[in-house]
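Chemist: Here's the letter readout for the chains.
Protein chains: 2
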Amino acid sequence: MSKIAQPDHPIHELIAQRWSPYCFEPRAVEPDKLASCLEAARWAASSYNEQPWTYIMATRDDQAEFTKLLGCLLEANQVWAQHAGVLLLGIVSNSFSRNGNPNRVAQHDLGLAAGNLSLQATALGLSVHQMAGINPDKCRVTYGIPESQTIVTAIAIGYAASPDASDPQLAERDRAGRGRKTLSEFVYRGQWGQSAY
Amino acid sequence: MSKIAQPDHPIHELIAQRWSPYCFEPRAVEPDKLASCLEAARWAASSYNEQPWTYIMATRDDQAEFTKLLGCLLEANQVWAQHAGVLLLGIVSNSFSRNGNPNRVAQHDLGLAAGNLSLQATALGLSVHQMAGINPDKCRVTYGIPESQTIVTAIAIGYAASPDASDPQLAERDRAGRGRKTLSEFVYRGQWGQSAY
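From first to last, the protein sequence lines are chains X and P. Sequential numbering from 25 applies to the first sequence in this note's numbering. Sequential numbering from 25 applies to the second sequence in this note's numbering.
Just so you know, nobody snuck in bad clues.
Since copy identity is lost for identical chains, a pair holds within one copy or between any two.
Below, a list of computed lysine-lysine pairs in the DSS-like style, where the Cα atoms sit at most 25 Å apart:
| hint | residue 1 | residue 2 |
| --- | --- | --- |
| 1 | Lys57 | Lys205 |
| 2 | Lys57 | Lys27 |
| 3 | Lys27 | Lys205 |
| 4 | Lys92 | Lys57 |
| 5 | Lys162 | Lys92 |
Quick caveat, the hints were computed from the structure, so don't treat them as lab data.
Sequences are here, hints too, so could you generate the full structure?
Modeler: Below, the structure written as structure tokens:
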């Protein structure tokens, strides 16, 4: 299954191929591929090269740890994320390590790292589905995450499954079309609300 | 000039090639390439497919608009960003359009869009340098940006210049090596602080 983007302007194939499935094969991700995904995150840009991100990882070959992390997601996400090969929590430090000042763009920069991770996964034939639907308090207690950190997202990595072989409700979501605003709706010029395209 | 990453695990060439120069050629970006960069941002993932991002754009061929946006950056960034071909402000809606609830991950998702934009630019031979160093109040007044929005970053897009032909202080920054934490420093397993690598 692939749901390639239908862009109005040419974009790189990796960017067009990336999408977020709900149907995953219940299958492990090879350790070398997983390391490459995290390595890609490592090389993202960040403000003052702070690299404010930390990941907590659980792989499905360690059933106890996988179940522990799965339990930190909202139930609606557990339904599908249980089939992923890897689960990550995406966490950021709230302040700069060099001077203790608040890092206003830490969560933005976590997004840059996650973008790299997703495209690297795509390049390796993997799929990524990110979630805001987590239970941050449970994450904090479960893993002893200090108050200096904000728990932002969870990330599922794995092999997309055929909708035909999957739960019908999840399959329906994966079969749905992809929609995006047009450039004219989100690129302005000169003044707020004045379309550049 | 290129400063390719030296990864510990293999990563896609686009991700390895991306870096953030200070030295730009004072040269316009072709409109079709710019459209592809924004198109790549368009296809990023976002929570509930909200696409919370808006960009305000200024291109150097419109000197008045370019100067207006340049003036919204902190002075230290104006020094080098004045040579870019395009400047963008990256802005997010603070709440979901579908129900008005706060969007906790809007800034994170702007990061996903910016990551796509940066890699598309890299694929087209362009370079991107993002900035947290902006004057949000000035941006808001200058462009009439509503309070429902947060102004997060600025983005410079252009052609990287040879450091040899550039301001020596900027050149020194571009000649410096690239550093990153190791995976063992930011990927944990089982408990906060327990390295997975």
